[in-house]
Structure formats: structure tokens, C-alpha cells
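Trainee: Which chain is which? The protein sequence lines are A and B, in order. For the first sequence, position 46 (counting from the first letter as 1) is numbered 46 according to our numbering, and the numbering increases by one without interruption. For the second sequence, position 26 (counting from the first letter as 1) is numbered 26 according to our numbering, and the numbering increases by one without interruption.
No lab work stands behind these hints: they were computed from the structure. Some clues are possibly wrong.
Quick list of in silico lysine-lysine cross-link-like pairs, DSS-like style, CA-CA up to 27 Å [said to hold, decoys possible]:
| hint | chain 1 | residue 1 | chain 2 | residue 2 |
| --- | --- | --- | --- | --- |
| 1 | A | K6 | B | K73 |
| 2 | A | K18 | A | K99 |
| 3 | B | K19 | A | K50 |
| 4 | A | K50 | B | K73 |
| 5 | A | K18 | A | K77 |
Estimated spans, in silico, between C-beta atoms of each pair [claimed, not checked]:
| hint | chain 1 | residue 1 | chain 2 | residue 2 | range |
| --- | --- | --- | --- | --- | --- |
| 6 | B | V66 | A | E149 | 42 to 50 Å |
| 7 | B | N10 | A | S152 | 39 to 47 Å |
| 8 | A | G114 | B | K43 | 26 to 34 Å |
| 9 | B | E63 | A | D52 | 42 to 50 Å |
| 10 | B | P40 | A | Q121 | 50 to 58 Å |
| 11 | A | M90 | B | R68 | 20 to 28 Å |
| 12 | A | A145 | B | K43 | 41 to 49 Å |
| 13 | B | V66 | A | M90 | 24 to 32 Å |
| 14 | A | M68 | B | R9 | 39 to 47 Å |
| 15 | A | G155 | B | R74 | 16 to 24 Å |
All residues carry an ideal CB built from backbone N, CA and C; glycine is no exception.
The residues making up each chain are set out below.
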Amino acid sequence: MSDPNKVTIIACSGDLDKAYPILILASTAAASGKEVTIFFSFWGLFIIKKNDGKIIGKDWMTKMLSWMHRGGSERLKLSQYRMGGMGTWMMNQVFRKNKVAKLSELLEMCQDLGVRMIPCQMTMDAFGMTMDDLVAGVEQPVGAATALEYASQAGINWFI
Amino acid sequence: MADLTLDARNLQCPMPVVKAKKAIDTLQPGQVLEVLATDPGSKADFAAWSRSTGNELILATQEGTVYRYNVRKR
């Protein structure tokens, strides 16, 4: 039975402009008394990647991924209008000027409010990521069947 | 008349609501939280948040660019 007080979010994108709605909706839902679970898969894992350090990787290909994008909430880029880095820089400047919270603050707020963060095992393995690459408080990785079970119980399901 | 005042002026969505949740958690049922905000979206959001949480929005006013909300904890 789907419970209107349970929210499940599948976070598949590591774009700045997707990470904001993911963390804003999650923190607001938690602040509204809802039980929130976010499943991080594919590039969504970059949102919960630690800001310091690279992805450790297990072979030259996964180490190369880290060389292309180190991940971390402070390093996410816009999905479009990047203009060689200028676009993302300008967006961050505008956000600071308008007193929009940083992604790292929103992530912390989500954790304070008890949002459950669960990474996807398959993509973590494929990217050569371990729990040591992720921020504290993230739960043990799971597979699609677990995400499906959560989703079937939640009244609100978002795929972002 | 408020038991606690939260200054959420100059903060953007979702911070006024998120900080209000943390503030109201420190109060006892029946006590009143006052929130000051400048985000125009907070007008709809505090009404919605109060409905979601079951807390009672007992005052919502605007003075210039500042919105004032009083929420009684359920």
C-alpha cells in the first residue's frame, strides 16, 4: 500500500541543475514530516561523493573517470550553457548573490533531517567507487529490487 | 506572544521551511514559533507546510518586504 508520508527519489543525474531540485525536495519533504529515501545511481553518485579526494578506482579506466570528473557536491556542473565553465561559475555567483544555499549545505540539512541516502551497488562497482569515496551517513549500497520495494510503498516517487 | 522567533530573512527556498522545522522541534505542543521571511514564495509554502505537518498557521502578515508567520505547534 502506498503511504502518502513516504517519498522515494531516484537521483540519476550529477548535474548541478538536477542536484538542486533533488536536495531541495528531499529536505522540504523531510521538514514536512515525511520519510524520505534517495537512491543515488549513475552520475547521481557524484552528489554524495566526498568533495576532497578523487574516486579511488580499481583499474586505469575507473581511475580515468576520476580524472575527467572528481565528483562532489561542490564540483557539479550545469547540464547546459556551460560555456567552458563560465556558465556554471556564473550560476554559482548568482546563487550566492541571491542567498541560495550551497549544495553541500542542503546535503547536510538532508542528513540532519534524517533523509536516508542509499547508493546503487552496480554503478558504484562499475565506477570503481567504494564507501570511502562517499560522504558520511550514506547507507550500504543496494540493488534495483530494494529501490523497487521502497518505491512501491511510497505515495510520492520522483525520478530526477 | 511568540515563544521563539526565527529570522529567515534573505534566505531562499527551501531554507525558511527547513529552518522552521528545526526550530519548531525545540518547542512544546501549543507553543508558537514566529518566522520572519523575505522570500515571496514563503507565503504559499508556510500555508502548505502547516497543512502537511498539522501545525496551525495562526498569523500570516506582510509588512513591506517582510512576511511574518506565527505557527502553533501541534
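Trainee: Could you run down the list of hints and mark each one as holding or not?
Mentor: Hints, one by one, checked against the model:
Distance check on the hinted pair: K6/A and K73/B sit about 22 Å apart at the alpha-carbon level, within 27 Å; holds. At most 27 Å may separate the alpha-carbon atoms for a hinted pair to count; K18/A and K99/A meet this at roughly 19 Å. Taken as a hint, the K19/B and K50/A pair is honoured in the structure, with Cα atoms around 24 Å apart against an allowance of 27 Å. For the given pair, K50/A sits about 37 Å from K73/B by alpha-carbon distance, which is inconsistent with the 27 Å threshold.
This hinted pair checks out: K18/A and K77/A have alpha carbons roughly 10 Å apart, not beyond 27 Å. For V66/B paired with E149/A, a C-beta distance near 46 Å keeps the hint of 42 to 50 Å intact. In this structure, N10/B and S152/A meet the distance hint of 39 to 47 Å, their C-beta atoms being roughly 41 Å apart. Between G114/A and K43/B, the C-beta spacing of about 27 Å keeps the proposed range 26 to 34 Å intact.
Between E63/B and D52/A, the C-beta spacing of about 44 Å keeps the proposed range 42 to 50 Å intact. Hint check: P40/B to Q121/A, Cβ distance near 43 Å, so the stated range 50 to 58 Å is violated. The supplied range of 20 to 28 Å is broken by M90/A and R68/B, whose beta-carbon atoms lie about 34 Å from each other. About 43 Å separates the C-beta atoms of A145/A and K43/B, a value consistent with the hinted range of 41 to 49 Å.
For the pair V66/B and M90/A, the supplied restraint of 24 to 32 Å holds, since their beta-carbon distance comes to about 29 Å. As the Cβ distance of M68/A to R9/B is approximately 41 Å, the hint placing it in 39 to 47 Å holds. Look at G155/A against R74/B: about 21 Å separates their beta carbons, and that is inside 16 to 24 Å.
Hints 4, 10, 11 from the list above are not met by this structure, while the remaining hints are.
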